[in-house]
Amino acid sequence: MLTLQCPYCGVWAEETELHAEGEAHLKRFGPGSDDEAFEAYLFMRENPKGVHFERWRHSNGCGKFFHAARSTTTLEVFGTYPAQTLEPPQEIKDKISAKYPGWSWREFA
Amino acid sequence: MSNVVSALNGVSRSGIAVVEETGLRGMVTVRGDLASKAMGKALKDVIGAGVPEVRQISSGDKGAVAWMSPDELLVICDHGAADEVVAALNAALAGAHVLVVNVSDARAVFKVSGQSARDVIAKVAPVDLAPEAFEVGMMRRTRFAQVPAAFWMNANESFEVICFRSVAQYVFDLLAVASAEGSEVGFFN
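Listed in order, the protein sequences are those of chains G and P. Residue numbers for the first sequence follow the numbering used here, so the first one is 160 and each next one is one higher. Residue numbers for the second sequence follow the numbering used here, so the first one is 2 and each next one is one higher.
Hints in this document: simulated from the structure, not taken from any laboratory. Any given hint could turn out to be false.
Simulated DEER-style distance windows between Cβ atoms [unchecked claim]: (1) P:Lys45 to G:Ala179: 34 to 42 Å; (2) G:Ala179 to P:Glu133: 26 to 34 Å; (3) P:Glu54 to G:Glu246: 25 to 33 Å; (4) G:His178 to P:Gln170: 21 to 29 Å; (5) G:Glu246 to P:Ser13: 51 to 59 Å; (6) P:Pro71 to G:Leu161: 20 to 28 Å; (7) G:Trp262 to P:Glu54: 33 to 41 Å; (8) G:Gln243 to P:Ala95: 25 to 33 Å; (9) G:Thr244 to P:Glu54: 22 to 30 Å; (10) P:Ala95 to G:Pro190: 32 to 40 Å; (11) G:Gly261 to P:Pro71: 30 to 38 Å; (12) P:Asp79 to G:Gln249: 27 to 35 Å; (13) G:Gly169 to P:Lys45: 23 to 31 Å; (14) P:Asp79 to G:Arg204: 45 to 53 Å.
Below, a list of computed lysine-lysine pairs in the DSSO-like style, where the Cα atoms sit at most 30 Å apart [said to hold, decoys possible]: (15) G:Lys223 to P:Lys45; (16) G:Lys252 to G:Lys208; (17) G:Lys186 to G:Lys223; (18) G:Lys186 to G:Lys208; (19) G:Lys186 to G:Lys258; (20) P:Lys63 to P:Lys38; (21) P:Lys112 to G:Lys223; (22) G:Lys223 to P:Lys42; (23) P:Lys112 to P:Lys63; (24) G:Lys186 to G:Lys254; (25) G:Lys223 to P:Lys38; (26) P:Lys124 to G:Lys223; (27) G:Lys254 to G:Lys223; (28) G:Lys208 to G:Lys258; (29) P:Lys45 to P:Lys63.
The beta carbon of each residue, even a glycine, is placed where N, CA and C say it ideally should be.
Taking the hints into account, I'd like the entire structure generated from these sequences.
So, in structure tokens, the structure goes:
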């Protein structure tokens with residue numbers, strides 16, 4: 160079972176205490192943006208084999224959203240970090256690089 | 002004035018642990034900047050307890066203060082005193098960006114006591130309840146089987162559990178089954 164540490168309350172929460180909230184680092188396109196950008200924001204998602212960034216919510220706990228970096232193939236968790244950020248912390252990127260040299264995910268690498 | 006009753010009217014059941022509804026309890030939700038000086042002073046003045054550390058509960062002469070999330074606390078006091086606590090906290094925190102609200106009747110409170118209390122809680126919540134992992138003074142928000150709940154431990158190894166009032170019967174039934182006679186696990190003792 161997947162166990163993630165909530166960066167807010169520090170609990171090592173197992174999957175059933177959390178709720179998966181889709182992909183992390185989505186950039187919003189709202190009114191005024193062109194159709195293509197809006198479609199991409201609404202529907203276009205990564206479905207990688209390997210490194211992935213997800214948004215989770217500690218729903219049966221402190222209730223906060225956070226981000227997690229993990230591998231979809233090995234289920235290895237590289238780390239979790241607060242959602243108030245535009246990109247993953249360098250330390251987590253370094254950890255991923257050690258395991259998957261040359262990885263990339265959307266605009267991050 | 003209407004007659005205020007708790008969710009299950011003080012029902013209790015005993016097996017390998019005693020499960021009882023503790024009755025009416027005052028609860029006040031406080032949201033705001035927990036690190037601010039004003040917050041610490043207000044709680045000290047009104048409850049006698051300081052702002053608890055992350056996932057802790059601190060107690061004072063007029064009640065206890067539990068950590069709920071990075072910007073939320075739950076003040077636990079006598080049911081009759083809740084409105085006064087709200088007024089006093091609002092006065093003490095005047096001008097600050099905070100929310101103080103009386104939620105006493107939103108929840109039910111249960112007490113689980115007895116030698117196997119740890120076993121009973123561990124059966125229904127995904128929490129490490131080993132004596133070295135869960136100690137007096139900790140507050141844990143989690144789930145009890147299918148519903149959200151939170152609990153903390155008193156000095157005599159009895160647990161107090163809070164859940165939403167709408168699921169009080171579910172939680173009581175759950176705890177009653179988990180503490181049925183002859184269902185000892187004995188993992189912690």
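Hints, verified against the model:
no.: 1; hint: P:Lys45 to G:Ala179: 34 to 42 Å; verdict: holds, 40 Å
no.: 2; hint: G:Ala179 to P:Glu133: 26 to 34 Å; verdict: holds, 31 Å
no.: 3; hint: P:Glu54 to G:Glu246: 25 to 33 Å; verdict: holds, 30 Å
no.: 4; hint: G:His178 to P:Gln170: 21 to 29 Å; verdict: holds, 25 Å
no.: 5; hint: G:Glu246 to P:Ser13: 51 to 59 Å; verdict: holds, 53 Å
no.: 6; hint: P:Pro71 to G:Leu161: 20 to 28 Å; verdict: holds, 23 Å
no.: 7; hint: G:Trp262 to P:Glu54: 33 to 41 Å; verdict: holds, 37 Å
no.: 8; hint: G:Gln243 to P:Ala95: 25 to 33 Å; verdict: holds, 28 Å
no.: 9; hint: G:Thr244 to P:Glu54: 22 to 30 Å; verdict: holds, 24 Å
no.: 10; hint: P:Ala95 to G:Pro190: 32 to 40 Å; verdict: holds, 39 Å
no.: 11; hint: G:Gly261 to P:Pro71: 30 to 38 Å; verdict: holds, 36 Å
no.: 12; hint: P:Asp79 to G:Gln249: 27 to 35 Å; verdict: violated, 50 Å
no.: 13; hint: G:Gly169 to P:Lys45: 23 to 31 Å; verdict: holds, 25 Å
no.: 14; hint: P:Asp79 to G:Arg204: 45 to 53 Å; verdict: holds, 51 Å
no.: 15; hint: G:Lys223 to P:Lys45; verdict: holds, 27 Å
no.: 16; hint: G:Lys252 to G:Lys208; verdict: holds, 17 Å
no.: 17; hint: G:Lys186 to G:Lys223; verdict: holds, 19 Å
no.: 18; hint: G:Lys186 to G:Lys208; verdict: holds, 22 Å
no.: 19; hint: G:Lys186 to G:Lys258; verdict: holds, 27 Å
no.: 20; hint: P:Lys63 to P:Lys38; verdict: holds, 20 Å
no.: 21; hint: P:Lys112 to G:Lys223; verdict: holds, 27 Å
no.: 22; hint: G:Lys223 to P:Lys42; verdict: holds, 26 Å
no.: 23; hint: P:Lys112 to P:Lys63; verdict: holds, 20 Å
no.: 24; hint: G:Lys186 to G:Lys254; verdict: holds, 24 Å
no.: 25; hint: G:Lys223 to P:Lys38; verdict: holds, 24 Å
no.: 26; hint: P:Lys124 to G:Lys223; verdict: holds, 25 Å
no.: 27; hint: G:Lys254 to G:Lys223; verdict: holds, 24 Å
no.: 28; hint: G:Lys208 to G:Lys258; verdict: holds, 14 Å
no.: 29; hint: P:Lys45 to P:Lys63; verdict: holds, 10 Å
Of the hints listed earlier, the one the structure fails to meet is number 12.
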